[in-house]
Each structure stands twice: as structure tokens, then as C-alpha cells.
Amino acid sequence: MLSDAFTKASTMFSTYAPIYPELFVVLAAFVLLMWGVYNRYPAGLSISIVAVGVLVGAMFLIARQPSVAQELFNGAFVDDGFARFMKILTLAGAALAILLSLDYMRRERILHFEYPVLILLATAGMMLTISANDLISLYLALELQSLALYVLAAFHRDQLRSTEAGLKYFILGILSSGLLLYGASLVYGYTGATNFARIAEVVQVSGASVGLVFGLVFILAGLAFKLAAVPFHMWTPDVYEGAPTPVTAFFATAAKMSAMAMLIRVVLTAFPDATQQWQQIIIAISVGSMALGAFAAIGQTNIKRLLGYSSIGHVGYALVGLAAAVPGGAAADGVSAVLIYLAIYLAMTAGAFACVLAMRNGRTTYSESISDLAGVSKEQPLFAFLFAMLLFSLAGIPPLAGFFAKLYVFSAAVQSQLYWLAIVGVVLSVISAYYYLRIVKVMYFDEKGETFQPIAPSVKITLGITAAFTLLFFLYPSPLKLAADAASRTFF
Amino acid sequence: MTIAGYFFYLFSIVLISSGAMVISARNPVHSVLFLILAFLNAAGLFVLLGAEFLAMILIIVYVGAVAVLFLFVVMMLDIDFDQLRKGMSRYLPVGILVGLVLLAELILVVGGFSVAPGAFRPVTGEQVTNTEAIGRVLYTDYLYFFQLSGLVLLVAMIGAIVLTLRHRSDSKRQNIARQVGRKREDAIEVVKVETGKGIS
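Line order of the protein sequences matches chains A and B. If you read the first sequence in our numbering, its first letter stands for residue 7, the second for the next number, and so on. If you read the second sequence in our numbering, its first letter stands for residue 15, the second for the next number, and so on.
For reference, chain A alone in the conformation it holds in the complex:
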């Protein structure tokens, strides 16, 4: 009798197997929240370490999922190869961001227990946006993610810069959510469906009307904002500079993964029959982002701002791959190129932020100015070498990982006959190499300036992992390539 009820309950529960990883992260966040609330002593450090374990555990749960596409809740949630690939990247970004924050947040005295809980909830939101297959679930999951990110940006609430960053991000973020919602309502009005698959059916039958394209444009504008792509990038430098550095690392890694995944899924599953319409928008956004990333970063003196502009540029390069992902062109190869680009970008950016966090010039003070790196190679040769390698990789110099990332997206563009786009991308990539190489020049050839404190172990671990990946990727690129190829076949 009892065992009967038990089997019945377990079969009922096992229908929700595709959403187990998300449930695991959310429930772990609840438990950690209660732990923090009822703990008499500040437990931020131990909760953060457990949160890293939770994120790694969620990665294993995702890896154990069967390799078929599964839908839940009337198709509002989908778990497929693409979603699993992107979720693992997002979880890796979040775990690295928490690792990076351990030392920094403790020194700044803001390692409250809410910090890892908010990171976990934001990550759960990102995982749900990656799996969102319906306009309503897309919007709700996006809000879950963004709301946690606004709070994280303002987490250093006693610092004016941080609260300003949070407020700026919040105001512009809700504006872009409004745009997205307006676009979603138009798409619903013209198709009568919120599910991506059903929207695609209607578009296939009745074609893309002006109103539908209007809605598509608004949705793309909202998503481009979350992605920080030109012309919706204005918030990026200020927010990246003002937010606590590990939080900035979280924005630049995990948040980009989920935003790009949303964009890819929306255009490829809901609008495969409006390719012409979205492709030109993506190309315009991509060229704008690459150009702004190349030129605006040149004059920067603050390294966090510089990395902010650099991330805008990298979004542009990744979008080249998406612009090529059209039937008759590169198709699945285009998506695969974007996925490889994102994975390599994640490693390079997390490594670069580890280097920024290594620039500690006092007990609690951190330097953010590029000129303070002068002559650092004489006292910390290994640090200077790894930072230089990461910067070379960000610039796309062979044989580092960043070169292969760019190679894949540009060859996808060539495959789709977007020759001029590939040429523009290569030229802008050469221009952007200038400001990366300038930092290397400051580190190796300038007179000795600031002396930095020893690097914290957690930062060392992050720097080691990411630099090793970037340096040694060329020896064994096939696992990532195969995984990305398998994931991209979801759409074609």
C-alpha cells in the first residue's frame, strides 16, 4: 500500500526529470538562505564554498540528462542539447565568479550570506531562460535573472559607485524589459501563440507581416540590451566599472551566456521563416558592436572599463556566427561557431578578471588603473606572463584559444557568403589588438611602478584553470568542437 503510493509519487516526480538541475539549484539556494538567516555568526564564506559545490553538482546533473530533447509544461520549458551546452557554460561562469569573490568580498567586508544565494538564484534564472521555449517563460525567467543581477551590482551598498551602477542598470534594464514585453505582445497579437514552435508554424503559413517584424524588432532590442550589444550598450562601461569586480566578472561571463542563448533560440526556433528579417538586424548589431569595441576601448585608463568595452566587441564577433547560421549558409556550423566562441570567451574573460583582482596594492585597496601595472613583469613574472597570454588570446593571436574562436566564426561567415562581414571583422580585430597589446607593453617595458600584494589562493586557482585552457586549447580542440557541433544540431 505504502510502496504503491511511493512508486506513484516517484513516477509523478520523475516526469519533471528534465528540470531537475534547475530545481536542484533553486532548492539549494533556499537551504543556504535558511542556513544564513538562522546562523548566529556570519557564514558568508562557508555558504559561498558550498554554493560552488552546488553549481558543480548541477553541472553533473546536466551531464547525466538523456541526450534527447524533452519538453515540459506544455512546451514552455525545453531541455535539449543546445540548452545543456549553454547551461554548463553558465554554471562554469557562475562557479568561477564565486571563486573569484571569496577573497575580494571578504576584504571589502561585504561577503554576506545573501551574495552566494543571489548568485545561485540568478544562475537558476539564466538556466531557465536558456531553456525557455515560450514568450511568457522567457520573460519571467529573464526577470528572475535580471532582478538578482541588479541587486548584485549594488551589493557594495556603502560605496557610491556601486549603488550608482545598480540604479543605472535597474532603470535601463526595466526599460529594455518593457521593450521586450511590448514586442512579445505584438508577436502574440499577430500569431496567436506564445510558444516558439507554434509561432514558427504561423509564420511559415502566413508569412512575416509588418506587425510581426515590428514585434520581432522590439524583442531583439530587448535581448540586445541584455547582451550589451551596440546600440544598446550604453550601460555597460558604467555598470562594469561600478559593480564589485567579481560581480562584474559574473556579468561578463555567465550573464552573456544566457543572453546569447536566448537570442539564438528565439531567432532560430520562433522565426526560422523570417531569416531575411532578423539576419540583417543581427549583422548591423554585430558590426556596430565590433566597431565600438575596437575604437572606444583605446582611450580607456580603467581596466574594468576596458574589459567592458572589450566584452561589447566580443559579443559582436560571436554574433557574426549567428548571422551566418542560416539555412543554405553555414547553418549548424554557424551556431557551433558561436558556442565555441562563447566557451573560449568565458575562459579568457574569467582569467582576465582574475588578473584584475590580483592587482591588490594594499590590505583592502585594489588598483583598477592600467598605469599601475607598469613594470609588473620584474617582480611577478608568472602573473605578467599569464595576463599577457590572456590578453594575446583576447586579441586573437595564434596559437592561443582566442584565435580559434575567431577563426570558427569568420569561416562560418565565409561559408554563408558574408565575405564583407568577415573582412570587416578581421580588420576590426586587428584594430582592437592595439589596446590589448598596450597593456602588455605597460607590463613589460615601462618603468617599475606599483608593487602588488601576494595573490589570493582562490584567484590563483581561477587564473590557473582559465590560463591553462587558453594556452593549451590548440593541442586538443576536438572535445569542445564535437560538443558544440552536437549541441548546434538541435536547430537544423
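Calculated directly from the structure, the hints in this document are not laboratory data. Note that the coordinates shown come from a computational prediction; the quantities given were computed from them, not determined experimentally. Some clues are possibly wrong.
[As the list claims (entries may be wrong)] Label pairs and their calculated CB-CB ranges:
#  : chain 1 : residue 1 : chain 2 : residue 2 : range
1  : A       : Arg-495   : B       : Met-70    : 41 to 51 angstroms
2  : B       : Gly-164   : A       : Ala-75    : 22 to 32 angstroms
3  : A       : Val-37    : B       : Val-87    : 43 to 53 angstroms
4  : A       : Ala-11    : B       : Ala-174   : 35 to 45 angstroms
5  : A       : Val-37    : B       : Gln-193   : 29 to 39 angstroms
6  : A       : Thr-13    : B       : Leu-63    : 31 to 41 angstroms
7  : A       : Ala-75    : B       : Tyr-20    : 53 to 63 angstroms
8  : A       : Met-240   : B       : Leu-63    : 49 to 59 angstroms
9  : B       : Met-171   : A       : Ala-11    : 34 to 44 angstroms
10 : B       : His-181   : A       : Pro-405   : 52 to 62 angstroms
11 : A       : Val-37    : B       : Leu-179   : 35 to 45 angstroms
12 : A       : Ser-191   : B       : Leu-177   : 28 to 38 angstroms
13 : B       : Leu-116   : A       : Pro-72    : 23 to 33 angstroms
14 : A       : Gly-470   : B       : Gln-193   : 44 to 54 angstroms
[Unchecked claim] In silico contact screen, one side only, chain A against chain B (beta carbon under 8 angstroms); selected entries:
#  : residue
15 : Phe-66
16 : Ala-75
17 : Phe-79
18 : Ser-143
19 : Ala-154
20 : Val-216
21 : Val-223
22 : Ile-403
No residue lacks a Cβ here, since even glycine has one placed at the ideal position from N, Cα and C.
Assemble the complex: chain A is given as a structure, and chain B must be docked to it using the hints.
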């Protein structure tokens, strides 16, 4: 024209004119009060459409919470609105131009507007009020969305606490455990006082 028709025009006229007053009133407090009036009239329009649930939500959430919050913000923040309006005449031509372009685009789109047949899904079967109809799908078909909204609200709550809660060290609080755990030996000391010496 039926009674409902007259009420439709009444609500619509008041709604539009109070909407215009919201942006043109000189005193920001008056703007908020006109906003509340606009919400009430919009709720009236919803009732005419037979959507009484939306009407009540509009009054409870927007009038009860959002508008009152606005009122607090307007009264608490010391913003010089005349200062904000100063550049008005300079920016007006550009603003009008942008507005006209946007209007033209909207006309272009709305001109071809035809709601897709799937967008209206009338409730079939027995007659139910729309509150009941929403209740039937909210925890079944829309369970996932409902739970997600709950998570969003949880994050909002955590965020508000993280950003504003301060533990004051100078406030005096009662700690019952410490009171009960206090022993006589901790508090009282028996001292033998020698005559004429006093306590040092």
C-alpha cells in the same frame, strides 16, 4: 445607445483627460492624484468589458500600492520640477519630430492590424466568471509561470533586505536568553567592608 454605452464614453473621456492632466499638471502631487483617477476609470472600462477580475486587480495593485508608492516618492524626494522643465522649449522640436516618426511607424503597423484567430480563446462549456476561469488554469496549465513569478518575488524580497537592512549597534535590544542565563554570582558580589575604609 444603452446605459453601458454612456458609461463607456464617460469613463473614456475622464480617462483620457486625466491622462493628459498627469503630464501637464504643475504640481507633481496633483499628477499622481490624476494618475489614480485614470486607473479608476480604466478599471471601470474593464468592468464594462466583463473583466471584473482585471478591474479589481487594477484597483488593488495600481491604486492601492503603486500609486501610493509614487505619492510617497514624490513627496519624499526633493526634486525641483521646474528645474527639470527648463530645457523643455529647447528639446521640444526634436521631441515632436521623434514622436511624429514613431507615430507614422505605428500607424503603418496598426493600419494592417488583424488579431490572429488564436489570440482570442473564448471560454467554452458552462458559464463561469472570469475569476473562476483564471483560477482554473493558474495552478494547472500555468503552474510553471506561477511558480516562476513566486521566485521573482522572492528575489525582490531578498534584494530589498540586502540593500536596506542595517543592524544598528547602538540600539538597545532585549536578549531573553541572556537575561534568563544570568546567575546571581555574575551580578552580585559580596564585599566585606572594613569600618572606616570604604570600597576602593
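Consistency of the hints with the structure:
At roughly 49 angstroms, the beta carbons of Arg-495(A) and Met-70(B) sit within the given window of 41 to 51 angstroms. Judged by the Cβ atoms, the range 22 to 32 angstroms given for Gly-164(B) and Ala-75(A) holds: they are separated by roughly 27 angstroms. Range check, Val-37(A) to Val-87(B): Cβ separation about 36 angstroms, and the 43 to 53 angstroms hint is violated. For Ala-11(A) paired with Ala-174(B), a C-beta distance near 41 angstroms keeps the hint of 35 to 45 angstroms intact.
About 32 angstroms separates the C-beta atoms of Val-37(A) and Gln-193(B), a value consistent with the hinted range of 29 to 39 angstroms. In this structure, Thr-13(A) and Leu-63(B) break the distance hint of 31 to 41 angstroms, their C-beta atoms being roughly 48 angstroms apart. Evaluation of the 53 to 63 angstroms hint for Ala-75(A) and Tyr-20(B) yields a pass: the beta carbon distance comes to about 55 angstroms. Separation of Met-240(A) from Leu-63(B) is about 40 angstroms and departs from the stated range, judged on CB atoms against 49 to 59 angstroms.
For Met-171(B) and Ala-11(A), the hinted distance range of 34 to 44 angstroms is satisfied, since their beta carbons lie about 35 angstroms from each other. A beta carbon spacing of about 54 angstroms between His-181(B) and Pro-405(A) agrees with the range 52 to 62 angstroms that was offered as a hint. Between Val-37(A) and Leu-179(B) the Cβ separation comes to about 21 angstroms, which falls outside the hinted range of 35 to 45 angstroms. For the pair Ser-191(A) and Leu-177(B), the beta carbons lie near 31 angstroms from each other, so the given range of 28 to 38 angstroms is met.
Separation of Leu-116(B) from Pro-72(A) is about 49 angstroms and departs from the stated range, judged on CB atoms against 23 to 33 angstroms. The given range of 44 to 54 angstroms is respected by Gly-470(A) and Gln-193(B), whose C-beta atoms sit roughly 53 angstroms from each other. Checking Phe-66(A) against chain B: minimum C-beta separation of about 23 angstroms lies over 8 angstroms; hint violated. With a cut of 8 angstroms, the hint placing Ala-75(A) at the interface with chain B is violated, because the nearest CB-to-CB distance is about 17 angstroms.
About 4 angstroms separates the beta-carbon of Phe-79(A) from the nearest beta-carbon of chain B, less than 8 angstroms, and the hint is met. The closest approach between the C-beta of Ser-143(A) and any C-beta of chain B is roughly 6 angstroms, which is under the 8 angstroms cut-off, so the hint is satisfied. Annotation: interface hint on Ala-154(A) holds; nearest CB of chain B at approximately 5 angstroms, less than 8 angstroms. The beta carbon of Val-216(A) is positioned within 8 angstroms of a beta carbon in chain B (closest approach about 6 angstroms), and the interface hint is therefore held.
Among the interface hints, the one on Val-223(A) is violated; its C-beta lies about 10 angstroms from the nearest C-beta in chain B, farther than the 8 angstroms criterion. With 8 angstroms as the threshold, the beta carbon of Ile-403(A) stays out of range of chain B, its nearest partner Cβ sitting at about 41 angstroms, so the hint is violated.
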